[in-house]
Amino acid sequence: MTKWYALLGLLLFAAPAAAVQGPGEDPRPGGTPAIAPSFNPVTAERLNNSDSEPHNWLTYSGNYASQRYSGLTQIHTRNAGELTLQWAHQLRILDRSETTPLVVDGVMYVTEAPATVIALDARTGSRYWRYAHGIEEDLDNFCCGRNNRGVAVLGDRLFMSTLDAHLVALDARNGNLLWDVEVADAHSGYSKTAAPLVVGDKVITGIAGGEFGIRGFVDAYDAKTGERVWRLYTIPGPGEPGNDTWAGDSWATGGAATWSTGSYDPELNLLYWGTGNPGPDWNGDVRLGDNLYSDAVLAINPDNGELQWYFQFTPHDVHDWDATQIPILADSRFDGQDRKLMLWPNRNAFFYVLDRETGEFLLGKPYAKQTWAKDELDESGHPVRIPGTFPSVEGNTVSPSIGGGSNWWSPSYSPRTDLLYVNAYDGETKYFIRDEEYVAGERFTGGGGETPLPADKYVSAIRAISPQTGDMEWEYPIQPRSTSGVLSTAGDLVFSGTVDGFFFALDALTGEERWYINLGSRVHSAPMSYMVDGKQYVSVAAGNVLFTFALPG
Amino acid sequence: MTREAPLPKALLLLGVAGVLMAGSLGGSATDLWAQDDANPFATPMDRRAGETLFDRHCSRCHGLGATGGETGPDLTTGQFRHASTDTGLFSVITRGVPDTEMRPFRRASSDQDVWQLVTYLRSLSGGPRVEVPGDPSRGERLYRGKGECSSCHIMDGEGGRHGPDLSEIGSRRSPTDLRSDLVDPDERVQPAWWRMRVVHRDGTTVSGLRMNEGTYSVRILDDDSNLWSFMKRDLAERERIETSSMPSYAGELSDGELEDLIAFLYGLTRDEG
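These protein sequence lines are chains L and B, in that order. Each step along the first sequence adds one to the number in our numbering, with nothing skipped, and position 333 is 333. Each step along the second sequence adds one to the number in our numbering, with nothing skipped, and position 203 is 203.
Just to be clear, a hint being listed does not mean it is correct.
Claimed, not checked - Once the Cα atoms are required to be at most 20 angstroms apart in a straight line, the calculated SDA-like pairs of lysine to any residue come out as:
hint : chain 1 : residue 1 : chain 2 : residue 2
1    : B       : K232      : L       : I386
2    : L       : K374      : L       : I386
3    : L       : K457      : B       : W194
4    : B       : K146      : L       : K374
5    : L       : K457      : B       : L268
6    : L       : K457      : B       : P73
7    : B       : K232      : L       : N518
8    : L       : K457      : B       : T176
9    : B       : K232      : L       : W515
10   : B       : K232      : L       : Q479
11   : L       : K457      : B       : T77
12   : L       : K457      : B       : E259
13   : L       : K457      : B       : G72
14   : L       : K457      : B       : T76
15   : B       : K232      : L       : K374
Simulated from the structure, these hints should not be mistaken for lab results.
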């Protein structure tokens, strides 16, 4: 790797790494931190400028650009080998954890399945409070596990999605319930698992249920009252532009769920949200057409919920390749110009670079094994399908797999290396089509898949991709398949994990291994980093335990 | 979850025994049924109903046909990680498996749905019982003698370490499957029985069963039953061998002998009593 920033990285590390200090942590002479209470209200201003307080982790993906990048440098490529366990927090509910904690001035907010928040001292893992949202025991019309991925914060309030499709506001200081609104009817197959995103005075949130014939939407709620301010349906209704991309009445049960967290550009005042598969997942015959706005990214005016532009990655998807990845916003050079980019390693195995101001397609290349389209997208960024790759009654084997080249687990972007880091999977699925009647609240998928070979025959890799070329700069193979998110840091480290319980750190420039540890259970979440009292920590959930590491001393 | 449904006395007694055995509090109607060993819904029609239920509720994780998906294991091998009996399968389906995506199956409108799923899952391995022509006692002598099966396979607690436990093989494999296993062992080798050959950087070569392999390391049971764990970074060479270590018995045993051996193996069934 000969890029100029490699040299810059070396120069920076020639000087001792400077620890970033935050409010309430000004070191006194002799290095003793001042005693100050934990937690200060998180204003909209703080959220807009979250990069200026890298000791905190104020949104699900670390900042509005969703880069899952920490500006902290205390842990770096030369000392990562000394990382040591500081504390572990055992989640009480034995569901696999998918949470990313927030950290606000020394207080950590962790979620637990199905809809519980725990506030911890981020230095020790000791508990302040715990809030458990009651869920009907028999509720089970949701897909893919009882999950909760995290909370959002504004002022001294937290906001959480619940599995029974509610949105709740809690007092960040003691966990008291402030309001609780039903976003949609859980018994009709609507559910909520993703962390909301706060923009201004609104709580923006999506919905899950793409396997139950729902009609997806993005909602905004007043943070103070819980009243809904706007709703943008991800499937246009009759008479609206795009409704004619659905045959007959198929739009009404067309899915296009919004089950992960979006991103926000304060300068452009644009909100970006990914949409999921059209329903039924595998039987496209009953919903002929492009099926807008499924498998797309929507650029939304957060003030009124109006759609500004969209880009559909997979028109008329028949493989369940949701575009519910985290939209990564990066300011970088493209074709010799400074551009406001959006980077998107899609579940359909293509990596996309878009202009996030206009939605213009700039670049697209496969980043994981794919056999369903030509490797070159057309001029507008649409896939050129290879004939005979649709699901069939007998089964049709296609790459990527149902799980995709990647999925909801977060990728990361480091502005220092100007590389995107994604956990990619080179898999395949034998896809089947089935006739299925829509029954409210029941699964509505129209087929399914099976994995043709034993799981041990397929591999994952952390891949570092250049936004300028879409080319892979390096890769770090993982065996067996991994479903972990990725964190990059200003210490030029990339953290991620494996399904057999390993958590590891790589050199962000070269992909070389710097450290790993066996945590004993699947890492199915994304790591994050924060600092308290001058000490940098890295946290990750594995199995149902949250582990936190730091350098010794 | 505790249901307060009135229950027949016999079931209540059964339920009390079940609670005592399981050491758990609060038995539900589901738990009570689950203590009964016989699957009451095991007809071909129940199997078809079970398949429909499976496609709808289970195939997303376990794959259509239950051959395994990206998150759920293959359920067609006749061996289940969390259950060995029908009762155990019933329990796993209704209670789920903690710390996994396997949630309790609560869409069941009745216990019948769950038993039908069990019937379907059972049908995926072994199939319905059939008559076989061979002589099991001659087959057993072949197993222990000429066939040298017990040098690798364990049966009822006795035998080798380098092949699957055959104590209940007749419940999982049909006579046709067993013939295929014997004459064409490479046809179907589960990853648990793949082998590995590695060369350590100090020159030591180790070959044996690949017990477990990940990104960083591999564990091997060598042919002398020594346990090895290697960091991959310390290996100069490594090779995964996905063929069977079992020789083909085609030509080694006569047709009649094969029939006898199959009859013996097919008679090794799960005791549901």
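Going through the hints against the structure:
1. B:K232 - L:I386: violated, 39 angstroms
2. L:K374 - L:I386: Distance of about 6 angstroms is within 20 angstroms: holds.
3. L:K457 - B:W194: holds, 12 angstroms
4. B:K146 - L:K374: Since the Cα atoms of B:K146 and L:K374 sit roughly 57 angstroms apart, the hinted pair is violated (cutoff 20 angstroms).
5. L:K457 - B:L268: Since the Cα atoms of L:K457 and B:L268 sit roughly 32 angstroms apart, the hinted pair is violated (cutoff 20 angstroms).
6. L:K457 - B:P73: holds, 14 angstroms
7. B:K232 - L:N518: holds, 15 angstroms
8. L:K457 - B:T176: At roughly 27 angstroms apart (the allowed maximum being 20 angstroms), B:T176 and L:K457 break the hint.
9. B:K232 - L:W515: holds, 15 angstroms
10. B:K232 - L:Q479: holds, 12 angstroms
11. L:K457 - B:T77: holds, 18 angstroms
12. L:K457 - B:E259: violated, 34 angstroms
13. L:K457 - B:G72: Holds - the C-alpha atoms of B:G72 and L:K457 are around 16 angstroms apart, at most 20 angstroms.
14. L:K457 - B:T76: Since the Cα atoms of L:K457 and B:T76 sit roughly 18 angstroms apart, the hinted pair holds (cutoff 20 angstroms).
15. B:K232 - L:K374: violated, 36 angstroms
The earlier numbered hints that this structure contradicts are 1, 4, 5, 8, 12, 15.
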